[in-house]
Amino acid sequence: MKVEAARQRIMLEVAEVDADLAKLRHRRGTLAEDAEIAAINEKIGVARDEAVRADIAAEDLDREYKRLEGEVNGMRTREERDSALLNQTGMAPKALSELQHELAGLVRRRGVAEDELLDLMEQQEATTAEHTRARELVASLEAQVRTVEERRDVSAGELDGKIADLTARRTAVVADAPGELLAVYERQIAHGKPGAGLLRQRRCGGCRMELDRGTLATIAAAAEDDVVRCEECGALLIRTHESGL
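In the UniProt record's numbering, the protein residues as written are 1 to 245.
Just so you know, the hints here were simulated from the structure itself, not pulled from any lab data.
Owing to the predicted nature of the structure, the values given are computational and were not obtained by experimental measurement.
Where is the CB? At the ideal position from N, CA and C, for every residue including glycine.
Watch out, some of these pointers could steer you wrong.
Stated by the list, open to error - Pair by pair, the computed Cβ-Cβ distance ranges are:
(1) 32 with 116: 50 to 60 Å
(2) 91 with 67: 25 to 35 Å
(3) 214 with 35: 45 to 55 Å
(4) 153 with 231: 41 to 51 Å
(5) 59 with 104: 31 to 41 Å
(6) 46 with 149: 11 to 21 Å
(7) 191 with 35: 30 to 40 Å
(8) 132 with 38: 43 to 53 Å
(9) 48 with 169: 41 to 51 Å
(10) 77 with 144: 53 to 63 Å
Let's have the full structure, built from the sequences with the hints guiding it.
Right, here's the structure in full:
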């Protein structure tokens, strides 16, 4: 294949633009802000789980408090009834003794239950505080996410602009590139191989492999418009004054 040397060199510009595009697209796909957002969202998930656990605990405590409060009210009612009976006259001594014993037991059990109610109230306060802390943490972290997202959008917008500019430049460069060389280049790229590279200091600019003397001699003997390819990677080897041939 023969292509004018000056037109062959256009492929170096295509390769340069593609290399820059690859770097920009990599940066666009690996924004530091995205990793930061993911880390914050993980913390948000943990805080939300803590809030849910606090909600469940609060419901359990409320249910237990109401149950115990009902028992206390029931014991208080029985105490009032027994006290009223004690105030009546004419009770047999045995009945009076049994009633006094029952009343003392009620008072004792109610005291224990009321202590348990106080303990439950303290637990409810602690659970409410934990829930509030978790929800406030979620709100704070969500605000952080919004801030980072704004920063991310700015970075992404800048990169998108550069990518668009380079893509337009590539379109213009490709329009001037030799069709036959461009076809070879695109096939190389499609297979994940270098498309074109400058021959410099005995090395292929595509795969960076050093060429042996025999290969260099063959290339040196080739006509200026001969299309030369790297035997190692298949890239178009573009010769310039830097090739040292």
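Status of each hint after checking the structure:
1. For the pair residue 32 and residue 116, the supplied restraint of 50 to 60 Å holds, since their beta-carbon distance comes to about 53 Å.
2. Between residue 91 and residue 67 the CB atoms are about 34 Å apart, so this pair conforms to the stated range of 25 to 35 Å.
3. The hinted range of 45 to 55 Å is satisfied by residue 214 and residue 35, whose Cβ atoms lie roughly 49 Å apart.
4. Under the hint 41 to 51 Å, the C-beta atoms of residue 153 and residue 231, about 47 Å apart, fit the expected range.
5. At roughly 36 Å, the beta carbons of residue 59 and residue 104 sit within the given window of 31 to 41 Å.
6. In this structure the supplied range 11 to 21 Å holds for residue 46 paired with residue 149, their Cβ-Cβ distance being about 20 Å.
7. Roughly 31 Å separates the CB atoms of residue 191 and residue 35, a value that falls within the hinted 30 to 40 Å.
8. Between residue 132 and residue 38, the C-beta spacing of about 26 Å breaks the proposed range 43 to 53 Å.
9. Judged by the Cβ atoms, the range 41 to 51 Å given for residue 48 and residue 169 holds: they are separated by roughly 47 Å.
10. Take residue 77 and residue 144: their Cβ atoms lie about 54 Å apart, and the range 53 to 63 Å holds.
Violated hint for the displayed structure: number 8, the only one.
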